[in-house]
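A.B. asks: Given the sequences, and given the hints that come with them, work out the whole structure.
Protein chains in written order, with our numbering: chain A, 1 to 166; chain B, 1 to 139.
Since the hints were derived computationally from the structure, they do not count as laboratory data. Heads up, the beta-carbon is just placed ideally off N, CA and C, and yes, glycines get one too. Take every hint as true, because none was put in to throw you off.
Here chain A is said to cover these stretches of chain B; the calculated rule only asks that three of the stretch's residues, wherever they fall, bring their Cβ under 8 Å from a Cβ of chain A:
{"hint": "1", "segment": "46 to 57"}
{"hint": "2", "segment": "63 to 77"}
{"hint": "3", "segment": "81 to 89"}
Stretch-level coverage of chain A by chain B, calculated; a stretch enters the list once three of its residues show a Cβ under 8 Å from a Cβ in chain B:
{"hint": "4", "segment": "22 to 31"}
{"hint": "5", "segment": "67 to 73"}
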Amino acid sequence: MAVDNFPVEYSHIMMFARSVGDDNPIYHDPDYAKKTEVGSIIAPPTFVQASAQFDPDYPLRPKPGKPWFGSGGSATGVKKEAAGGDGGGNGGTLHAEQHYEYHRPLRPGDVLSATALPGKTWEKEGRRGGKLLFSENIIEYRDQKGELVVTARGVGVRTERPADAA
Amino acid sequence: MTLKASDLPVGHTHKARLVEDLKRTQIVQYAGASGDYNPLHTDEIFTVQVAGYPSVFAHGMLTMGMTGKMLTDYVGDGRLTKFGVRFTSQVWPGDTLDAVATVDKVFEEGGHKLVDLTVTTTNQNGVDVLKGYAQARVD
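C.D. replies: Given below as structure tokens:
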């Protein structure tokens with residue numbers, strides 16, 4: 001994933017916090033936030049996951065005029081073979097692990113870029129048979145000054161059948 | 001609110017209920033906010049008929065995000081230095097999740113007092129759905 005321009009915005013933080021059930025005013029009330037240790041609205045800990053919104057090629061977002069594998073008139077908009085690695089047909093890729101290192105809190109007004117570093121891949125036998133293929137991705141999020149703000153390491157697992165647990 | 005190193009004996013725990021009877025609508029809300037529109041999370045027809053799961057299920061990152069609230073409510077805003085998890089079981093609509101952070105170690109590094117925590121999120125059947133760790137600055 002490469003994202004050149006990920007503006008951290010107040011309303012996006014508010015919506016993201018709502019979606020994880022977090023009503024902490026630090027995510028939506030600037031007057032409250034001013035009086036706290038951090039001194040302003042900040043983003044919740046998993047917020048950089050929303051950088052997907054700013055990845056022009058992100059595969060898990062429907063795009064105008066392009067096939068989409070979710071249901072419409074029929075149960076899937078594309079044939080299994082064409083569905084690619086994410087959720088098409090049995091199995092698909094699921095999120096197995098996520099790790100963050102925080103170098104400083106993110107604030108509205110920050111403009112981040114994300115750079116992917118090479119990660120490892122490995123294989124394991126699933127608990128109920130079938131191969132599990134793991135792949136790691138490391139993403140460095142830097143701010144408008146080029147300083148590292150968050151390091152993210154994700155592990156995806158590709159299963160040969162619907163996962164019981166991934 | 002901040003934690004004091006002196007008030008954090010090893011084994012000290014903080015618990016919180018993350019969600020009761022998880023609704024499909026909340027999963028939709030997370031899809032919209034995060035930008036992850038994988039139909040496995042929001043499109044029951046695709047997920048059951050094509051992908052072969054019993055129903056849609058939550059993004060792992062929704063569970064991690066909800067678990068993050070438990071952590072920041074405990075350690076304070078802007079205090080986390082590390083947070084990492086493994087998703088050990090799927091989370092389904094209707095699930096009720098509880099999370100717990102347990103103090104592993106309190107130490108000093110680079111002039112900062114830090115706490116290492118073990119983090120576990122469990123469903124209504126006692127099954128762990130998320131296991132991980134966090135680290136935070138304390139006073």
